[in-house]
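There are 2 protein chains.
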Amino acid sequence: MQGYSEIDHVMMARALRLAERGAWTTRPNPMVGCVLVRDGEVVGEGWHRRPGGAHAEVLAIEAAGDSARGATAYVSLEPCAHTGRTGPCADALIAAGVSRVVAAMRDPFPQVDGSGFDRLRAAGIEVAHGLMDAEAQALNRGYVSRLVRGRPWLRVKLAMSLDGHTALESGESKWISGEASRRDVMRWRARSGALLTGSGTVMADDPQLTVRLEDDAEVAPPLRVVLDPGLATIARGRVREGDAPTLYVHAANAKPPRDFGSERVSVPAVGNALDLAAVLRVLADRGINEVQVEAGATLAGAFMRAGLVDEVLLYIAPVLLGAQARPLFAGLQIQDMTQRMRMHVQESVSVGDDLRLRLVPLPAAVDADAGAAG
Amino acid sequence: MQGYSEIDHVMMARALRLAERGAWTTRPNPMVGCVLVRDGEVVGEGWHRRPGGAHAEVLAIEAAGDSARGATAYVSLEPCAHTGRTGPCADALIAAGVSRVVAAMRDPFPQVDGSGFDRLRAAGIEVAHGLMDAEAQALNRGYVSRLVRGRPWLRVKLAMSLDGHTALESGESKWISGEASRRDVMRWRARSGALLTGSGTVMADDPQLTVRLEDDAEVAPPLRVVLDPGLATIARGRVREGDAPTLYVHAANAKPPRDFGSERVSVPAVGNALDLAAVLRVLADRGINEVQVEAGATLAGAFMRAGLVDEVLLYIAPVLLGAQARPLFAGLQIQDMTQRMRMHVQESVSVGDDLRLRLVPLPAAVDADAGAAG
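These protein sequence lines are chains A and B, in that order.
So the number in this note's numbering is just where the residue sits in the first sequence, counting from 1, plus 12.
So the number in this note's numbering is just where the residue sits in the second sequence, counting from 1, plus 12.
For reference, chain A alone in the conformation it holds in the complex (with noise of 0.2 Å):
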C-alpha cells in the first residue's frame, strides 16, 4: 500500500459518501462517487445515480471543466474500461487530463478487473489504490458479493419482541415494532434490489413489500420475490399489486395456471423445501445485489441453517409475548450449547422506543473460555 495523504483521506470519504446517495437507484450498477482535485482543491464531483445515467467520474469532469487537467481523481471504485451504456470512464479521465487517479477498490466485474487501472497507466496517469478500500468493499458489500460469490448479499430482517417472539401463536404478529422502526425498514427496503418472502408470510400477513417513504426520494422498485413451492398463494395478495415486479420462485412439480400473470421460475427442491442457494443464483443472474428477507421464522431459520445469511438487521420491541408466541427462527436443532449460532453485534442503536441491532452471523466455534455462572 501507498502511503497516503491526509487530504487522499479526506477526499476518499467525500467520494464514498457521494457514492451512497445512488444506494437507492444505481443497481445493479454499483455506487460510485468521484471527487476531482486540484491544488488542494474540489474541482468537481459527481456520482453515478442510475443504469443507463452518467458515471460519477464523467459527471465530474463536466462539473470541473478544464480544472480537470492536472487535477487528482477520487474515485471510490475502479474507473470502467469497457463500453457498456455508457463509454468507458477511463479514457474520459485521459481525455480531461487528469495527472493521477486513487481508487478505493478495484472493480470485480470481469470486463474492468484491474484493466481500468492499466489503462489509466498506459496513458502516463499515476494510479493508486486500496485506499479506504474496506469502506469501499462494506458499502458495495450487495455488487461485490453477487459478482465475488455468485450470490447477493443477504439480509434477514426481524422484528421480534424483548422474549424472542414474532408473533403470537395465532399468528398475529402487527404492532410488535413501533412506527419509528417500520419507517426504518422501508429505507433498508429502498436498498435492496429484491425483497424476499414465503408463501406462508403472503398467506398470514399479505404483505404488499413495496418501499413506502414519506418523502418523494427516487427509489428503484425492488423485485418481490415470493418462495412458493407448489404455486399456493398465487391467488393471493397484495403482493402482486403496486408498480414493481414479483417474481414466484416455485418447485418444477408445480401446475402454474396458464394466464400466471407475474413472473416465474423454478429451483430445484427437496420435498416442500426450494434449494436456497439456487434461489440466491437465479436472483444474482437477474443483477439482485442485496436481497432482504422479510418472512417468518420457517424460512429466516432455513436461510440460517442453510449458513445464507450475512446480517440479521434486528427489531426489538421491549413487549413481552409470553412462551407459546411463535419462535424467532425455527428449526434450528440445537442439542448442547456447543451447537449454538454465535452473531456478532454490529451495532446497536435506538429506532423510536426500539432498538435495532445489526447482526453477522459468525462461524461455529466451540470456545474453551467459558466458565460457569452462579
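Derived from the structure by calculation, the hints contain no laboratory data.
It cannot be assumed that every hint is accurate.
Claimed, not checked - Footprint (simulated), chain B over chain A, 3 or more residues, beta carbon under 8 Å:
{"#": "1", "segment": "166-175"}
{"#": "2", "segment": "282-295"}
{"#": "3", "segment": "319-332"}
Here the structure is a predicted model, which is why all the values come from computation and not from measurement.
Backbone N, C-alpha and C fix where the C-beta goes; we use that ideal spot for every residue, glycine too.
Fit chain B to the supplied structure of chain A, relying on the hints for placement.
Relative to chain A, chain B alone:
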C-alpha cells in the same frame, strides 16, 4: 421549588456521587453523601459507609473543622433528627455552625420525614430541599421502596440468547452470556440486599449466589433467599456454602427437619405457589432494600404476572439457541396483542460481546396508533 444556582447543582451532583460509594455497604441504611462549601469552595465532604458508622454529615464536618462555620451543607438526603446508632445529624450541623442546608430529598424514614428540616429551621438555618430530587430518589430506590411501599425494589436478572431463550431444552444454561457480563452481574449483586432464587434453579444450576469480585472492594454479603415451598432442596447445594446467610422461604405445610441449619420462614401459599407479595413483605421487614431475582422462567414469569417487577436487567448474548430452548418468562398467557406486556428501555449498553438492557415494565395499555407492517 426554590431557585438553585449552578454551584448548587454542581455540589449536589458531587454529594450524590459520594453517596453512591456506599452502594455495596450501607444497607439497610440509605446511601448519603455530604459536601460542605464555603465561599464557593469545598471545605469538607463525607459519605456514609456502613450501618453503625459515621454519617456523611458528621464526616464532612470533621473534615471541614472550623471552616464548617457559615458553610452550606449539600446532602443527598434529609439530615436525621433522631438518635439511632449515632446522634442526630441535624444537631451536628447546628453545632458546627453551618448557615444553609440544601437536601436533595426528604427522608421517608418515619422518625425523620421532615423533622430534620424542622429542627434545622428552628435553629435559624436556611433550609432548601428538592434539588436533584429525582436523582436522589433513583439512587436510593430500594430504601425508598421499602419505606414507602413496604416492599423492596425488585430487579430480575436474566441472560438470554438473541432468540429469547435462557437455556436449552435440556436445561443447559451455562455459557449463554460472556465473561464480561458475568463480571457485571457481580457488581449488581453487590448492591443487592438479597439475591433470590427458586428451588428449580437450585436443582438445575446449583448457584452459589455470592458476590465474587476481582478486586478487594468491601461488600456487605447479600442475604441468599431460596423460595422452596416444600423445602425440597435443603440438602443441596452451594447456596448454603460461603459466608453469606441463607433464608429458605417455604409453605406452612412443609416439614422442616429438626436440625435445619439455616434460617427459614413460611408464607401463605396457593398450591405449590408461594404468595410473592408476602415474600417481599418478609424481606422488607428484614431491612432488605433491593432484591435481585436470579431464577428461571417460572419464577421470573410469576413475579412479572404479579406486577412486582421494578426493573429487568437483561443480558443478551448474540447467539441463537433454537426454538425448542427454554423461554425467558413462563406462563404469561398472552392471547392477543392488547395483552402484551410493554417495557421501557431505560438503558442499552455493550458489555463485552453481549448487550445489557435495563427495562422498566410499563402499565398495560391499548394504543390506538398501531398500524400494520408489510
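Comparing the hints with the structure gives:
no.: 1; hint: 166-175; result: holds (count 5)
no.: 2; hint: 282-295; result: violated (count 0)
no.: 3; hint: 319-332; result: holds (count 4)
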